[in-house]
Amino acid sequence: MASRSISPGGALLRASRVFSIPPPLQPPASDMSSTGGFNSDTSTLPHPIHMSITTPQSSLAKGDWGLKRALPLRSTTKSSTPVIRIKKMDTFEHITEFGSAADHTLSLQKWLEMGIPLTTPQMRESTQSHLDTPGKSVFEDAIDTTATAEGTGLTEIDARWKFNGPWLAGQTQGEFNAYVQKEVRKRKLDFHKFLRGACSVALAKERREQRASSEGVDEVELNPPAEDVTDEQFKDYVKSLRQDWTELYRHIRTFLDLPPASSAKSAADPISELLLFKPLSPYSQEQDTSVSSSPYRDSGPPKTHPSAGLSYSRTNSTLFNHPVFGPQSSKSPIDARIISPKGAANGSTYLGVGGFVTSTPYKDESYRFKRGGRTSTPVPMVPGLVNIEPDKVGGSKVYVQPKSATVNPKGMVILAVDSAEMGAVDVKEGNTDYVPPPPPTITRGVSPSGFSRTLQRDGAGARDFGLSN
Amino acid sequence: MSTQSFKNVDAKNGRHASSPTTMILRNVAIRHGRSALAAPLRRSFLRSLTTTTDTLTRETDALQHSVHNHLKETHSIEANINQLNITQTFVPPSDAGEPSDSIKSDYASQQRLNKRTGKLGSAVEKGYVPDALVRNPPKPADVTLELLMASQSHLGHSTSLWNPANQRYIFGIRQGIHIISLEETAAHLRRAAKVVEGVAYHGGLILFVGTRAGQGPAIVKAARLTKGCHLFERWIPGSITNGDQILAKCDIKVVDKDDVEITAGFEDKIADWKALKPDLVVCLNPLENYIMLHECGLNNIPTIGVIDTDADPTWVTYPIPANDDSLRCIQVIAGVLGRAGQEGQRRRLEAAKTGEVTWLPPPGLGSPETSEDKKAAANKVKGVSPIAGEIAPGQSSGQHMDDLDDEL
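Order-wise, the sequence lines are chains Z and C.
When the letters of the first sequence are read in order and numbered with the UniProt record's numbering, they come out as residues 1 to 469.
When the letters of the second sequence are read in order and numbered with the UniProt record's numbering, they come out as residues 1 to 408.
Hint data in this document are derived by calculation from the structure and do not stem from the laboratory.
Heads up, some of the hints might be wrong.
[As the list claims (entries may be wrong)] BS3-like mimics (lysine-lysine), calculated; alpha carbons at most 27 Å apart, straight line:
#1 Lys78/Z - Lys88/Z
#2 Lys62/Z - Lys139/C
#3 Lys239/Z - Lys182/Z
#4 Lys274/C - Lys249/C
#5 Lys62/Z - Lys126/C
#6 Lys374/C - Lys269/C
Computed from a predicted model, the values in this text were never measured in an experiment.
With the rest of the complex left out, here is chain C (with noise of 0.2 Å):
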């Protein structure tokens, strides 16, 4: 069979193909084999319109050799099939002709030229991108006056709202409203950033509360950096003060030096422990938060608080004078306190790996029970006189309990 007759044969049966469709398709496998079920080939209409016409004869040829073969192969099945009256008159459906491997080829020249002219041209540098502030927030050392001011941390509000307790910080009026001294932020910000450090280098528990709209990934990513917890929604009057009812459900674990937590030992005392109290809360909106900030300070709790010119700064024990309307200057805010926590975290735990434990574990948790405590805790409630157990001072005698982030 020539190139030549092939393609009469598909033109020929391009225009009876509307006959009896669905009737033959059962027999089509049968005929014409893999070339029938096989997907159509794709013609490449770029090669078309660049190459010249005689290497797409060549390739239609051997391919119709190949197919010229297999269809000698499978002579003895199709003399039989050819029997039957609806198959004689049926070619495949197939794209006509102009099989082509172009794809292949284009990718190859794209390639050359990408590597001939990739290094022409000028360098794109990267563009400004709004909430990288989020996504890698600067460190307690890369605060400086021009990050305050660009995060627009000195714009306070209308001089008819001040609240003049924030005499202190204010560095003057302009256009209406005060101006807080970006000098005096980046110093109460660096002392906070040493606080949440601190705290965190001794194991406490962190939580961060932003309840302003659009504060939520600034504050969940400032937790996460300090291993701390979050709220970005309402706070729940009488969590701190009647913490045993509120969070009842919450879980609670105990962890060792390394923070790996200890699953066997303590499932009685966890049971009946009473609700976790944070060790430093940090406020990112404390206007709207004095109840939560009232309870810190029934309880003895430090609490960090970005101050504007509105607000009171006796309400927490570390304040940092600066806008709280503005989201990038709570991101800024939010981000620095939370590297900081970050870095204590992580000397936390290489003082751990050296054997030292920079933090005491809560009174009343002691060593975790093995089975003989609780055979001789067993004997001692029937009456038997108990058994001299040596509980060895553990080294894992360390606790550091976590709150989940659902929480609060």
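So that you can see chain Z by itself, here it is in the shape it has in the complex (with noise of 0.2 Å):
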């Protein structure tokens, strides 16, 4: 059937504004858990599933937004930052549903003033060396593809990010069961069709081996159409598929286009994988423990782009050039509050940083509560840490430097911090004239990334009021 030709009002139509904004995405579902999350309709999301909208400034004041109807304008422009997201245009009503947008809007505002770029997630090769491991950025050609050329390699088809198949992995038993039944089971006849395909491949491949040892074989031979194999061959090319798991999957992966599953190999725990560890069959044994090479092996594909749109910075070696002191070793750090410390919670300690909630630095002793029997130096913890600081003005804060950063296939960014450097702190506060007292009593094992700036500002006494940053 011939394309439908569009009439002028609906290709201009098709090309506006409003036609734009994409239907919302499906809001994130909650943790599977029966601890009792901290569930809110309220509360911002891990990422934003609705388009922020603005207008400028002349129209705002007249409440025009391009929408349905003006938008009041108690709501809109008392805000400063009049920013929002379009629930629906219009309702039974007769208003248009919206909200504020500011949240995410400003989340992104300021991750791009952080200048972080996105990695792919961390492997699970090894236990605890992966967290020093560079990561590698989502924009590497190698990885940042989702189609492939005909007649690539398996590993360039493993590299994407984007499958049409379901991660498999990452499915619960029923979703398995209900994928099974309601798309795989359709295509059967497809499936017969492509095994046909894989036959008279395999068959071909059969005779060039025989035809090594004798010279006999013409060349229609060589490569038969998927037509030309018998039911015969077929049959028996099945029954060998059912024997040789490892080559059955590898057509299931192809004809699904599943992503790449994490391998056994690569479990977590190498002591667990010692004890379960038993050989299925003699078949599989060697060929199972090949290892795709796609990074989102272990997490899961992402939903989307795995940047999330968040940078477009391929690397973090930039330099931060102060305009005063020049080029800097380390980039300004950036001022952490902590939300969650020992005291409160289930325990662990998180940070909040530029919106973004992460866990404490692990390397650094002045963040670690257990402190080795051998190295008890006394190196002293961040304040505000180890219990809530009620005095405080505006909260307990600690200067940390963003690291790297990751989107899971949840769409939450996975955010690692390491403690600011000294004389980054202090250029950034501009205590470069301040001559701090002598340290405490360092002996050894004092992290050479130091400890951070409170601690100077502790001896400071009245600059201590939380309100210097």
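Since each chain sits alone in its own frame, please combine them into the complex, following the hints.
What follows is the structure, given as structure tokens:
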């Protein structure tokens, strides 16, 4: 059928801005835990699901947002961040449903100011050292692809971040059953056809091997089309596949375009791997250990582009050029809020960095509660990390240095931070003239990055009011 | 008196000035005359920064010379006044030194700079003016699909509010609302513009009604262009069907073919003339004005209405399917209709200049009464045989009634 001709008005409408507002995404599902989460209808979602809309100042004053009707001035003009999201263009009550989109808009703005590039998720090969390995940018040419040309190798096909099929490892049993019943079952005949093609290729390969021994095969037989495969040959081929699981899985993956699964070899715990590892069949033992090279094999393929549009930078190797002091070895540190001290919630400490929640730097001694008995050095803790400081105006804060970030398949931003360097904090606060008093007795085991500026602020007495940021 | 001595005196008196200020003010004018009453000379800071001091001293010298001459002239008076104790130590408070005409030269240099660099740089284009549609409404010929789309005319109501009588105007459903076809809107708007222009050409009275918040300016502008009436507040029910009661206090005037008011001759007839009815009503929010549209229907008054997807198109004679919630859309529609009416009025007056009258006077108005007519009428009442008065077919027999804005 030929493409329908569009009226001029229809063509205009298709190109209009109102029509380009994407339909909202599904709100992210809450955790499937029985512990009772902290879900709220009004809380900021882990990722935006609506488009943010803004309007020029002159139109804002008139309530003109280019929508069905003018929006009420009282609720739109008083905000210092007039950015909205449209929930419904029109409702039964003759109103346009909208809400403020300042939360995600400002988070994005802060993220861009911090300038953190996005990396691929960390692998599970090693236990602890992975936290130190430099991340790989999501914009690397080898992995930033969604389609591959005909006849590319399995490695390139695996390295894509977008697949048609679901990530089976991340599915629940119910989801898997539904997928098999609704999607896979319908395609049984197609799969037979696909297997016939694979069979013909296998036969050709077999003949080529025969030719190596006896020179008597002509060219036509070398590449028999799929239709020429007899039922007998096909039946034999299917039988052989039933024995060879690895080969069958390879065909199924290609047919359904499934993302690579995390291999059993890369299990997180080597001990459990040793305990549980039992050879299933003599066939699959060897080939099953082949590990996909995809960086998303452990976490699952991302829902969107792995950068999620947060940052388009490829590297973190940039210098901060201070207007007075020139290029700095470390970037300007970020003032992070201690949102969950040790004594609060469930024992783990969290920082809020530019609107993104992250855990405390794991390397720094001043964030560690359990000290090794051997290196029980008197490294002071970050104030506010153990208990809430109620007398601090604005809450407890600490300077950190963002290191890397990745977006997990749920759409959450996983941010890793380091503790800030003391010099960088001084430069940031303009305290370069200030000579600190001699530090408390530091003997051994102190992390070279040192402790943040807050220590000296403790000594400063009057300046320690939480407002100096 | 040299410059030097003058300055010294000045400085000295600056110190002493605190003692009898209120007492001596009376004498100040006498002693120092013009120089004391004149405004203190303004010191230009810009100039003191940019120019050398020698020009300043020269100017100061010149001024002090003139002051000196003036003092000489008034010396005889001064001698007498100086006898007084108080005035001997007083020197007027004045801004010390450096008078200049820097304003003039600054202005000249600024002009020179503008002339030299004015053409440099990029041309700043005019920005978006939100109420440009009200100030300068588009003509019917300017109606394009782009303009209609930009003014949100295509956004209908939620699909659950749909009135199925509007089906033929609807393009589709998007984001939960009906989308009105831009072509339909443009076609119906042009047709309505033709109607307005025709009514204005034939001398009809056009009433613009838009009673929603914010529609006022567009309504008033359109009514002004068409020389009609406007209503942006509540429609008083019965203003048409019971107009003699509700509009009893409103003025009526009689105009000739050139819209010039005829003041004499119709006083008696106007006094008991019944209330006027519009010849065309343009309603921009029919949903809220059903009563008015109903009254129009009872009186065979044609109506034009903006019909959104939840309104009934049979309420109005000439529907314009469009978004009635967006102010920009209302401004475009009202502006286009206003411009159409303006064009109709222009054509009517042009035709009147050539002697062609495009409209008929209301029946029963007749010709203006002259003094002879009145006499004849009086005689008739007295029973005297009437004098056969000839009423010449008056050239200015046409009249046009125009409501005032406050009538409605």
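So, going through the hints one by one against the coordinates:
| no. | hint | in the structure |
| --- | --- | --- |
| 1 | Lys78/Z - Lys88/Z | holds, 22 Å |
| 2 | Lys62/Z - Lys139/C | holds, 24 Å |
| 3 | Lys239/Z - Lys182/Z | holds, 26 Å |
| 4 | Lys274/C - Lys249/C | holds, 11 Å |
| 5 | Lys62/Z - Lys126/C | holds, 19 Å |
| 6 | Lys374/C - Lys269/C | holds, 13 Å |
Of the numbered hints listed earlier, not one is contradicted by the structure.
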